[in-house]
Amino acid sequence: MKTLLAIREREYEWVQQAFPSIHPLLLPICNKPFTEFLIDFAILAGSTEIRLLSDGPLGKVEDYCEDGSRWGIKLSYGHLQAEDSLPELLNKSRKFCTDDRIMIISGFSFIHYDKQLGYANFMSLMPAGTCASCPGGNITLAGPPETSAQELPALPLTLMPLNQIESYFRISMETLETGAARYVLPGYGNEPGCAIGRNVVISKSSEIIKPVSIGNNVQILSGAVIGPGAIIGNNVIVDKESTVKSGIILDNTYIGEHLEINGRIATGNTLIDPARGASIAMEDPHLLSGIRSADKRGSAIRKTVHLLAAAILVALQLIPFLLLFPLLKLLGRWKSGMAICHGAGHGKSFTLPTTLITGNGPLASLASSLSLDRLPLLLRIFTGQLAIIGSTPVPVTLETVVLPGEHQGYRPAVFSYAEAEEWPVNDSDAAIVERYFIVHSTPLKDISMTLKALLNRL
Amino acid sequence: MNISETQAGSITIVAITGTLDASTTKELLKSPAISNPAQSVVMDLEHLDFLDSSGLGALIGTLRKKRERSAETLISCMNDRVRRVFEITNAHRIFHIFDDTAAAVDYATQLTARI
Amino acid sequence: MNRIITLTLPGELIFARFASETAAKAALLLINSCDGGADDWKFTHAFELAVSEAFTNTVSYAQKPASPQPVTIDFIFEKQCLTVTIRDTNPPFSIETPAPDIESYPERGYGLLLMRTVMDTVTCARENGTNIISMSKQLNP
Chain A
0 MKTLLAIRER EYEWVQQAFP SIHPLLLPIC NKPFTEFLID FAILAGSTEI
50 RLLSDGPLGK VEDYCEDGSR WGIKLSYGHL QAEDSLPELL NKSRKFCTDD
100 RIMIISGFSF IHYDKQLGYA NFMSLMPAGT CASCPGGNIT LAGPPETSAQ
150 ELPALPLTLM PLNQIESYFR ISMETLETGA ARYVLPGYGN EPGCAIGRNV
200 VISKSSEIIK PVSIGNNVQI LSGAVIGPGA IIGNNVIVDK ESTVKSGIIL
250 DNTYIGEHLE INGRIATGNT LIDPARGASI AMEDPHLLSG IRSADKRGSA
300 IRKTVHLLAA AILVALQLIP FLLLFPLLKL LGRWKSGMAI CHGAGHGKSF
350 TLPTTLITGN GPLASLASSL SLDRLPLLLR IFTGQLAIIG STPVPVTLET
400 VVLPGEHQGY RPAVFSYAEA EEWPVNDSDA AIVERYFIVH STPLKDISMT
450 LKALLNRL
Chain B
0 MNISETQAGS ITIVAITGTL DASTTKELLK SPAISNPAQS VVMDLEHLDF
50 LDSSGLGALI GTLRKKRERS AETLISCMND RVRRVFEITN AHRIFHIFDD
100 TAAAVDYATQ LTARI
Chain C
0 MNRIITLTLP GELIFARFAS ETAAKAALLL INSCDGGADD WKFTHAFELA
50 VSEAFTNTVS YAQKPASPQP VTIDFIFEKQ CLTVTIRDTN PPFSIETPAP
100 DIESYPERGY GLLLMRTVMD TVTCARENGT NIISMSKQLN P
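As you go down the protein sequences, you meet chains A, B and C in turn. Counting from 0, one number per residue, gives the positions in the first sequence under numbering that gives the first Met the number 0. Counting from 0, one number per residue, gives the positions in the second sequence under numbering that gives the first Met the number 0. Counting from 0, one number per residue, gives the positions in the third sequence under numbering that gives the first Met the number 0.
Incorrect hints may appear among the rest.
Claimed, not checked - In silico DSSO-like cross-links for lysine-lysine, where the CA-CA straight-line distance does not exceed 30 Å: (1) K73(A) / K94(A); (2) K59(A) / K78(C); (3) K25(B) / K24(C); (4) K24(C) / K73(A); (5) K59(A) / K24(C); (6) K94(A) / K41(C); (7) K78(C) / K328(A).
No lab work stands behind these hints: they were computed from the structure.
Start from the sequences and build out the full structure, keeping to the hints where you can.
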């Protein structure tokens, strides 16, 4: 049997509005992307080949799921138009639909299945037609059954519409409750109801109460209480004395100190109440008091320290720069350009010089080791556009959906905390470590981190 | 680039082999079935190795001109590299895309019969 | 340790394919030079497509199409990263053009959108009367 997954953009439009940085088809349900649940079910139902069809963009889904070899199946991608009927869908994938039996899963809905049950037998015996449905979704079989059974018990699954934040929250919590007994879920855990991902640091004085699901690269700091009913995504920091219960913290989110997330979804700087669908940006003084006060108190001293450090660095780099720059320029090893980057603060952007020192000769190596390529950027500290250490400046692109300037923890800088820490640089990982240090670092710590970044380049 | 035209009832199948970019689009636009705006075509892209924005622009221009004359331009058998260009530009929203040329011909025949 | 291949081509459209095929080969070279480099068609296609777009753009906007100026392409190999720079002496242009609205069937304007989407970074600079488009992509981001 083969499976066609047909999902139209209008069916998941609400996800794009609620969580603009997440591709709707990768919306995590208990830390597992939505599409993976569909793939798992299609495999349980006996499929060896699956094709995902949509009128929306599939690039990110394709990057994640690739060709399906991870699941031992063949996964391909195609397009449909929003108004295509079922026969039109089958016609557009005629070459794919050569098997007698095709299962078509349509709509953005969640299949409440049980991995212990053998669906393959059901699917081969069921007559053609719709075998399960809910508002906005259905499972239909095309082609004759292998053998006609006299009497078939009801299909042991239900479809649940995934059409608003409330249903998303409810389905996520139910999935967490039933856990690994029904679904294949990510994470490790010695006991039921507790799944923990890779690279998770849990402070001794924090408390974990089942059921919980914790993703990869997570830090739970001292005194934090996680659970019951907490889903923590990837690249998340839950700071001191904060509580998360009956809540979802989506990927790349920082939860400040002394906060309580109860019955809410937190994503980036937004807190969503799933029952009412209302969301607030986390600038509420109660919710972000930890971050704001730390930022305000230190900002004047920090600026002065950064200016002084920049002046010393510029003075140290000036002579090597004057000697090496003309030579490298002459040899064509010094390449400079401009890039437009996001500034700190809503809607702000500025042009930054970009420098690339190429070649492997002694001059180029020396210039790189001395970080001379950062000298043009250091001068921007005096104009107040950059800090000496903070976040990597994010270039302005049309694809940047969530503007970094709107986050509390974005401070464009000459050096980044991630390079000081030699953090495995991947955009989202680096961003979260940078945000953590922006909140926790002191001006003195900034200087030591800058030195560390400089030494790392030697 | 090599272009071959085959008649399938009232529909012409235009099969393109090779590369469709700025240097080859003129040749495509000159081919009889493409230059006739009233002729519905199925573009068989099974052997199209490379498509860039100039080639895509030519396909979109063909679609527009034919739709103005109630004819159609359908796409069949595109590979992943070509599909990527369609998807980034959202061209998949305006074309009917098939994985089988015969299925595209059937669909085009139905469409033209309706008009 | 950076290694550079420099290619200078006549600024004529018929050389666009040569430029893009060379870009694909450069990308493949980087893949093969990395440990455990697997066949990554998206990486090679990204360079093939982006260079085709940039070269075509450069040549199409040439001031004097009758006497085309040469176009210089640098392929800069770094660890896990390939950067391509394309230099020409045509009038300056902006890379911050909005994406076209497909619903109105525009036939032009997709080149920059494609370049920006398939590459990690695309920057444009003007230096001593020369446009420099620089595009780079990490192999395993």
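Just pull the numbers of the violated hints for me, sorted ascending.
-> none
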